Structure formats: C-alpha cells, structure tokens
Amino acid sequence: HETQVAGGAANVAANLRGLGCEVSVAGVVGADESGRQLLDLMKAMGIETAGVLSIADRPTICKTRILGGRQQMLRVDVEKSGTFSNDLEKRLFSAIESQITECSAILLSDYGKGALGESICRVILRRARELSVATFVDPKGLRYEKYAGCDVISPNRMELAAATSTDQGDVELLMERGEKLRVELGIGHLMVTLGELGITLLDATGVQRFPALAREVFDVSGAGDTVIATVAAAVASRLPLEDAIRLANLAAGIVVGKLGTVPITREELLARVAAASEASQAEKICSFETLLKRAAKWRVKGQRIVFTNGCFDLLHVGHLALLEQAKRQGDCLVVALNSDRSVRALKGPGRPIIPEDARAKIVAALPCVDVVVIFDEDTPLNLIRAVRPNVLVKGGDYSEEEVVGGNEMKAWGGKVALIPTVEGSSTTEILRRAMATLHGDSLGLIQ
5 HETQVAGGAA
15 NVAANLRGLG
25 CEVSVAGVVG
35 ADESGRQLLD
45 LMKAMGIETA
55 GVLSIADRPT
65 ICKTRILGGR
75 QQMLRVDVEK
85 SGTFSNDLEK
95 RLFSAIESQI
105 TECSAILLSD
115 YGKGALGESI
125 CRVILRRARE
135 LSVATFVDPK
145 GLRYEKYAGC
155 DVISPNRMEL
165 AAATSTDQGD
175 VELLMERGEK
185 LRVELGIGHL
195 MVTLGELGIT
205 LLDATGVQRF
215 PALAREVFDV
225 SGAGDTVIAT
235 VAAAVASRLP
245 LEDAIRLANL
255 AAGIVVGKLG
265 TVPITREELL
275 ARVAAASEAS
285 QAEKICSFET
295 LLKRAAKWRV
305 KGQRIVFTNG
315 CFDLLHVGHL
325 ALLEQAKRQG
335 DCLVVALNSD
345 RSVRALKGPG
355 RPIIPEDARA
365 KIVAALPCVD
375 VVVIFDEDTP
385 LNLIRAVRPN
395 VLVKGGDYSE
405 EEVVGGNEMK
415 AWGGKVALIP
425 TVEGSSTTEI
435 LRRAMATLHG
445 DSLGLIQ
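Residue numbers (the working numbering): 5 to 451.
Because the hints were derived from the structure by calculation, they are not lab data.
Possibly wrong hints are sitting among the right ones.
Claimed, not checked - Cut-off 25 Å, straight-line C-alpha distance, at most; resulting in silico cross-link-like pairs (DSS-like, lysine-lysine):
| # | residue 1 | residue 2 |
| --- | --- | --- |
| 1 | Lys288 | Lys301 |
| 2 | Lys365 | Lys288 |
| 3 | Lys301 | Lys414 |
What the hints assert, rightly or not - The calculated label-pair distances, taken between Cβ atoms and stated as ranges, are:
| # | residue 1 | residue 2 | range |
| --- | --- | --- | --- |
| 4 | Lys84 | Glu271 | 33 to 43 Å |
| 5 | Ala300 | Ala415 | 14 to 24 Å |
| 6 | His320 | Asn386 | 25 to 35 Å |
| 7 | Ala349 | Glu271 | 45 to 55 Å |
| 8 | Leu422 | Ile70 | 50 to 60 Å |
| 9 | Ser123 | Gln76 | 28 to 38 Å |
| 10 | Glu381 | Gly354 | 17 to 27 Å |
| 11 | Asp171 | Thr209 | 22 to 32 Å |
| 12 | Glu26 | Ser123 | 19 to 29 Å |
| 13 | Ala286 | Gln172 | 30 to 40 Å |
| 14 | Ala362 | Glu122 | 56 to 66 Å |
Quick caveat, the model's predicted, so the values are computed rather than measured.
All C-beta atoms in this analysis are idealised placements derived from N, C-alpha and C, irrespective of residue type, glycine included.
Make a model of the complete structure from these sequences and hints.
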C-alpha cells in the first residue's frame, strides 16, 4: 500500500503540532498535485499554511521510499533546487513577516533547496532579534554565516564536520572547531546531534553532553526534525535549554523506534518522561559490580567518567552546585555515597540524619547524576582505583594534596577538579543553625 506523509520542514511542523504547539508554516511548494497533497496534510493536522507559496517553475519535492518489510529497498527523489529570485524571496519574507509578531519562536529548517538563501536568513534573524523572538536553526551546507546571531543551531555530526572541514570521527576536534565557529558567528548555543553518542551542547558556559536514549532503532528518518522541534517547543514554553534537550533525547528515542517519517505526539512524550523518570532513578542506584560494567561500556564509547563522593546528608544548595558543576567535567557522573556506618565513623554517633537508602534515592533523582553507589569504607579509594575515572571532583575546601585518590588520578593521567563551595551551605552548619533556632524558640516559650 502507499502512504503520504509530510516530510522535510513540513515534518518539523508536524512534530511541533504533535507536541501541542500552534504552528504557522512559510515556504514554497510546486503548483502541482504533490503540493496540494502536502498542504492538505498540514491543514488536516491544524497547521496554518497561509505563508506557503505555490509556484509553477519548480515541482514540489517528493521522496518515494520503496520498502520490503522494514527494509528500504529504493528511494526515488523528484526535486529541483537552486537559489530563489529576489522577487520570490521578497514574497516569502512578506508572508513570514505578517506572522512573526505572533510567534514565541522561529525555526529555520534548511534543507538546502533554495528557500533559505543568505539574504532571507539574515533578514529573518535580524527581525527576530528586534522582536526578542527565540530563533532555532537546523542548518545545511558549508557556509553558516547566514545563520549568524541565531539562538540555537543544531547540525548533526556530518553537517558540522563538513562546515568545519573536520574528520567526523574526531569528535573532540569537531567540538573544538564547532565552538570556534559558534563564537565567530555570535551564535548562542551549538547543539550537535551525534547519533548513538547523544547530543553535545556548546555555549558560553562550556560543554554539556546528553546520552542517547533510544531503546531500539528501526528508522532514523526524521529524528533530527523531532529533536529541533522538541527543543524549540520546550524553550518557547519557558523550559531551560538543558531540560529541553533531555526531552528531545527522549522524543528522538521514540521516533527512531518507528518505521518511516512519523512525528512525535505530546502523549507519547509524556508517557516516556514518566517511565524514564521512574526507571532512571531505580537504575541509577547500583552495586559495585554493576558500576564497573557500566564504566567499561562508557570507556568503550569514549565517554569521560567523572567521580565524586560524600555523605550528602541533608541535601542542600552546596551539594547541588557541586554535582551540577561536576557533571560539566565529562559525560557520566558517578556519585559514591558513604554508608550509614561510614558516616558515623566520620561525623559521629548522631549522624547521618537521613539513612543511606533515602540519601541514595534523593541524589539519584538529580538529572546531572548518572550512577549512585554506596560504599562502606572510610574512604572511596578502592572504588576510585577500580573505576579509574577521568576526573575526580571534590569541594574547594580541600587542597589537591588532601583529595583521596589524587595521586592515583595523576598516575593514569586523570584530573582532580576542585569546585568552589557555596558559603554557609554545609550540612553541619545547617544543623547548627537549626539547633540554635530550636533552642531560641524553647527559651521564648519558657519566658
């Protein structure tokens, strides 16, 4: 049987609509049957198509995939690409400008077919900046200058490699050159999709990595469209970019498990978020043996392992700052948690306030934490030796010489990172203030 689906930029719009957004599309189709079918498909989804121009001198892009079971056997493309005339660009921008003031975000989905030439990209981005409208770009081609000043740009590994003349297999160099390009063009955030390696975000604060979350991959068609659409929808809804990327990773994991170009829906994503939250927290807390297996897999993938440890009794803002900054040091954050016996040995008979199982669940609930392991020794030295992390993180109240495992880190070429502490946010200080407050209240009652 034959099925028609919206592809290209129309698939981005379909993903946005599936997530519950009000969507207006601007672009060009041919004055032909395929163009009419595409417009009908978008209208049926509730997408506003007033900004779509029909022209007679080029056909609607049509890609026909011939499948045998789940295997693509052949693809036939009908298209005509090339730059648009000045008159057509003016008509297209006029269609865009009539709607731009009503938008909370603008997404440029560039497939390199001519609609998004250099001049129209610059005009759209300039107008968006004037109106303080967030801009997102899914780029194409070798020259990214036309995207200068956008808020978020999201090339895949191959696209960024081509734009920076870099071997796509050298991910570290690719990120280095990508960051240089981002700074040169005044782009807010560079979000690189890396397939099985997930998504890497580069911006003025540094590098953040988000692992891929696909369970089973049947078809990657349209996955990039789903990622940029989910990020744009989430940010337009006032979600922080980092959380938007986590959502996009979940969304991509759903669509690659489908056959063909199929957009995400809000219901699917909400269900996956609920399932991932419940499963993720339980899976994060693991045994020593499981940790070693996971660490071995991370190393095979070339992921940097970050290790930190502590009691984490009465989790406070200082703990959060330490863990969030620790995560920025690499890809996978391991938190070694002192057992109740170990805490008593370090802090005295009145501690911990919160038992180890509860402390582990609280720490595991943090998005920046990948693994929590409980250890019973007075120090985590044996764990550090077994895991062999790339980075060992401790609070800035330590000196590098005082950090347990510091010498071992140097021996295998690792790094010790000291994170500045948040003043007045130690568990001991919080308990002292709490006791003083209780004592003061008691005196007041007696008086």
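Verification of the hints:
1. Lys288 - Lys301: holds, 15 Å
2. Lys365 - Lys288: holds, 9 Å
3. Lys301 - Lys414: holds, 23 Å
4. Lys84 - Glu271: 33 to 43 Å: Check passed, 38 Å falls within 33 to 43 Å.
5. Ala300 - Ala415: 14 to 24 Å: Between Ala300 and Ala415, where Cβ atoms are some 19 Å apart, the hint holds.
6. His320 - Asn386: 25 to 35 Å: At roughly 28 Å between Cβ atoms, Asn386 and His320 fall inside 25 to 35 Å, so the hint holds.
7. Ala349 - Glu271: 45 to 55 Å: Given a distance of about 50 Å, which is inside 45 to 55 Å, the answer is holds.
8. Leu422 - Ile70: 50 to 60 Å: At 59 Å between Cβs, range holds.
9. Ser123 - Gln76: 28 to 38 Å: With a Cβ separation near 37 Å, Ser123 and Gln76 satisfy 28 to 38 Å, so the hint holds.
10. Glu381 - Gly354: 17 to 27 Å: Since Glu381 and Gly354 have Cβ atoms about 21 Å apart, the given range 17 to 27 Å holds.
11. Asp171 - Thr209: 22 to 32 Å: For Asp171 and Thr209 the Cβ distance comes to about 27 Å; the hint holds.
12. Glu26 - Ser123: 19 to 29 Å: At 28 Å between Cβs, range holds.
13. Ala286 - Gln172: 30 to 40 Å: With a Cβ separation near 36 Å, Ala286 and Gln172 satisfy 30 to 40 Å, so the hint holds.
14. Ala362 - Glu122: 56 to 66 Å: Since Ala362 and Glu122 have Cβ atoms about 57 Å apart, the given range 56 to 66 Å holds.
In terms of the numbered hints stated before, the structure departs from none.
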